[in-house]
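The whole structure should be built from the sequences, with the hints applied where relevant.
Numbering-wise (our numbering), the sequence shown opens with residue 27 and increments by one.
Please keep in mind that the hints were generated in silico from the structure rather than gathered at the bench.
Fair warning: there could be bad hints in the mix.
Cβ-Cβ distance ranges computed for the label pairs, FRET-style [to be verified]:
no.	residue 1	residue 2	range
1	64	290	52 to 58 Å
2	452	163	25 to 31 Å
3	343	390	20 to 26 Å
4	202	502	48 to 54 Å
5	502	523	30 to 36 Å
6	149	64	23 to 29 Å
7	571	149	52 to 58 Å
8	490	336	49 to 55 Å
9	100	205	30 to 36 Å
10	422	366	32 to 38 Å
11	486	345	54 to 60 Å
12	492	336	46 to 52 Å
13	155	80	27 to 33 Å
14	149	205	30 to 36 Å
These numbers were taken from a predicted model, which means no experiment stands behind them.
No residue lacks a Cβ here, since even glycine has one placed at the ideal position from N, Cα and C.
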Amino acid sequence: MMNKEAPPSVRAAAMRLQLPVSRLSPLLALLVLSGCNTAYREAMALARDAAIRGDFMTAARAYRNACAARPEDELACTRVPLFAEKATAQAIAEARPACEAGDLDRCLPPLLAAWDLIPHHPELSSLFEKASQLHTERCAQWSLDGPLNAAVTGLACLQARGRQLPVSSYQTHLAASASRVASRFVDLALTAQGQNHAGAATVLWSTAQCLAPGENLAPRVERSRQDFLGPSAIPVAIRLDGSMPPPVSSALSGVCAYLATGLPPWARCAGSEPMPGQPEPLQLQVDAVIQHPAKSRAEDVHTVRYVSGTEEVRNPDYTTAKENLALAESDLQSAREKRKEKDAACEKAQEKHEATCVTCPTPRSPCEEARDAASDEKTAESARDEARGTLNRTHATVTVDVYDDFTYSVWTHRWVSGFRFTLQASTPSSRPVQKVGEMRFEDREHVGFQPAGLVADPLVVPPPQAYADIFLQQLAPQVFEAVKRDSMARGAVRGAQCGALPADGSVSWVQCWAEASLWKNGQEPQPTELLQLLATSVDASAQPLCR
Numbered sequence: 027m028m029n030k031e032a033p034p035s036v037r038a039a040a041m042r043l044q045l046p047v048s049r050l051s052p053l054l055a056l057l058v059l060s061g062c063n064t065a066y067r068e069a070m071a072l073a074r075d076a077a078i079r080g081d082f083m084t085a086a087r088a089y090r091n092a093c094a095a096r097p098e099d100e101l102a103c104t105r106v107p108l109f110a111e112k113a114t115a116q117a118i119a120e121a122r123p124a125c126e127a128g129d130l131d132r133c134l135p136p137l138l139a140a141w142d143l144i145p146h147h148p149e150l151s152s153l154f155e156k157a158s159q160l161h162t163e164r165c166a167q168w169s170l171d172g173p174l175n176a177a178v179t180g181l182a183c184l185q186a187r188g189r190q191l192p193v194s195s196y197q198t199h200l201a202a203s204a205s206r207v208a209s210r211f212v213d214l215a216l217t218a219q220g221q222n223h224a225g226a227a228t229v230l231w232s233t234a235q236c237l238a239p240g241e242n243l244a245p246r247v248e249r250s251r252q253d254f255l256g257p258s259a260i261p262v263a264i265r266l267d268g269s270m271p272p273p274v275s276s277a278l279s280g281v282c283a284y285l286a287t288g289l290p291p292w293a294r295c296a297g298s299e300p301m302p303g304q305p306e307p308l309q310l311q312v313d314a315v316i317q318h319p320a321k322s323r324a325e326d327v328h329t330v331r332y333v334s335g336t337e338e339v340r341n342p343d344y345t346t347a348k349e350n351l352a353l354a355e356s357d358l359q360s361a362r363e364k365r366k367e368k369d370a371a372c373e374k375a376q377e378k379h380e381a382t383c384v385t386c387p388t389p390r391s392p393c394e395e396a397r398d399a400a401s402d403e404k405t406a407e408s409a410r411d412e413a414r415g416t417l418n419r420t421h422a423t424v425t426v427d428v429y430d431d432f433t434y435s436v437w438t439h440r441w442v443s444g445f446r447f448t449l450q451a452s453t454p455s456s457r458p459v460q461k462v463g464e465m466r467f468e469d470r471e472h473v474g475f476q477p478a479g480l481v482a483d484p485l486v487v488p489p490p491q492a493y494a495d496i497f498l499q500q501l502a503p504q505v506f507e508a509v510k511r512d513s514m515a516r517g518a519v520r521g522a523q524c525g526a527l528p529a530d531g532s533v534s535w536v537q538c539w540a541e542a543s544l545w546k547n548g549q550e551p552q553p554t555e556l557l558q559l560l561a562t563s564v565d566a567s568a569q570p571l572c573r
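Structure, rendered in structure tokens:
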């Protein structure tokens with residue numbers, strides 16, 4: 027519990043700094059509930075050492091960590107606000123001389139450290155307000171209403187301290203300044219649209235959105251971008267000459283159309299009617315030789331086993347059943363004869379009485395043996411009946427499958443066609459590119475045989491389009507590389523034509539720069555690039571940032 031004798035400011039700070047378990051992160055709560063006290067012990071040790079040294083900032087942070095690790099600990103949690111107040115007072119005393127001298131690099135860091143402990147502390151807020159006014163005055167040397175490069179530099183100056191001046195008044199001023207500069211780019215973008223400079227409009231709309239993202243300028247950016255990419259795309263005209271089979275030549279009639287999907291956004295196949303303002307076409311001359319395919323065939327003999335029919339054969343189970351029945355009948359006959367013999371002995375024993383030895387063991391009587399023999403006869407008779415039933419249920423013959431082998435030839439057909447081509451681009455100082463290779467095809471052929479479930483594999487001769495496709499796959503990387511080299515060369519030439527960046531970033535210069543960047547880098551320039559160019563033109567040390 028908080029000491030009731032503590033000063034009101036300390037009790038208020040304690041209320042702000044309490045860390046109930048319910049608000050801890052799941053991981054921290056798990057550590058607390060599982061009794062993991064390592065973080066607590068380390069934090070308390072650090073806090074005590076720092077307090078002894080008089081380093082109240084470190085002590086306050088360490089006590090705060092200890093309270094977070096063990097929220098129920100009264101010692102740690104009650105010391106957090108106490109040491110936060112001490113650390114804040116210590117930070118203010120450290121920062122005040124530098125703040126009064128206008129040295130913000132030394133003034134602001136201790137204030138920010140204290141702000142982390144007690145946000146919106148009255149004295150901290152007052153010092154931050156004074157620092158923000160001083161920094162705003164220093165940045166005013168670059169007027170937001172002056173030349174565009176000066177306005178961007180002034181905004182960059184304000185942004186440089188954006189994280190160091192957390193008071194709401196400065197943050198509001200910073201957002202309003204960014205919106206003022208963004209409106210300058212909006213005006214330029216509208217001018218660019220009116221002059222049909224889609225590249226400049228794309229960059230300027232993007233830059234305005236970068237500085238004022240809440241204005242929802244994304245649809246304008248995308249429309250301008252599409253209007254820019256169309257007329258600025260380099261037309262690519264590919265002419266294919268040489269010696270090749272006529273069917274293959276016909277299949278290669280639309281080389282550029284085949285490669286169109288692989289062209290970069292800043293290039294497209296040249297049409298019959300050039301677009302207004304479109305760059306000069308890139309001429310690609312391809313001289314090719316595609317040989318008639320050389321054919322070969324190889325045979326491989328295969329065998330498949332199949333059921334060719336059925337036949338009746340003697341059933342071995344039937345023979346066994348007959349043998350079992352004969353054995354059972356023989357056993358039954360023996361049992362009957364033994365039973366008759368024992369019956370006769372029983373009858374004879376009943377006709378006379380013989381003296382018996384008193385001390386001798388009592389032998390089994392003939393009648394008892396006769397009864398046992400009768401039981402054995404019944405058992406043998408049951409076995410005989412069972413063997414007879416098995417024989418009656420067993421067929422004398424069975425039907426079995428007859429297997430045979432089907433032998434057939436598998437023919438492997440191969441076609442090989444050599445090719446070579448030379449690619450020459452109209453790009454100044456470009457050198458011809460040569461490529462030599464072979465196109466190979468293979469197909470297997472064999473008959474079908476329905477009894478064996480063998481499906482026929484007919485011969486498929488590669489059509490002319492197959493040769494054309496492989497040839498174009500070999501040609502495509504060379505074409506794309508030639509387009510890239512030409513685009514970079516055009517970008518370098520166009521960039522040299524732009525000249526120095528005007529202070530107000532004229533629409534014509536931005537258009538020139540956008541075209542040069544598109545061709546040289548493969549994409550329209552990004553907002554941060556334009557902002558950095560404008561700031562660098564006045565030797566600004568801070569670089570502007572997107573919000």
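Fill in: Supplied distance hint 54 to 60 Å, evaluated on CB atoms of residue 486 and residue 345
57 Å, holds
Worksheet entry | residue 202 versus residue 502 beta-carbon gap, inside 48 to 54 Å or not | Given range 48 to 54 Å: holds, Cβ gap about 53 Å.
Worksheet item: So does residue 452 sit 25 to 31 Å from residue 163, Cβ to Cβ?
Response: 58 Å, violated
Item to complete: Starting from the hint 30 to 36 Å, judge whether the C-beta atoms of residue 149 and residue 205 obey it.
Response: Roughly 31 Å apart at Cβ, these two residues keep to the hinted range, so it holds.
Discussion item. Verify the CB-CB distance for residue 571 and residue 149 against the hinted window 52 to 58 Å.
Written reply: Between residue 571 and residue 149, where Cβ atoms are some 30 Å apart, the hint is violated.
Worksheet item: Between residue 64 and residue 290, does the beta-carbon spacing fit 52 to 58 Å?
Response: At roughly 56 Å between Cβ atoms, residue 290 and residue 64 fall inside 52 to 58 Å, so the hint holds.
Worksheet entry | Cβ distance range 32 to 38 Å for residue 422 and residue 366, holds or violated | 35 Å, holds
Worksheet item: Has the hinted range 30 to 36 Å been met by the Cβ atoms of residue 100 and residue 205?
Response: 49 Å, violated
Fill in: C-beta pair residue 343, residue 390: status relative to the range 20 to 26 Å that was hinted
This hint is violated: roughly 42 Å between Cβ atoms.
Fill in: Distance restraint hint 49 to 55 Å, applied to the beta-carbon atoms of residue 490 and residue 336
52 Å, holds
Worksheet entry | CB-CB spacing for residue 523 and residue 502 relative to the 30 to 36 Å hint | 32 Å, holds
Worksheet item: Is the distance from the Cβ of residue 149 to the Cβ of residue 64 consistent with 23 to 29 Å?
Response: 37 Å, violated
Hint violations for this structure: numbers 2, 3, 6, 7 and 9, all remaining hints satisfied.
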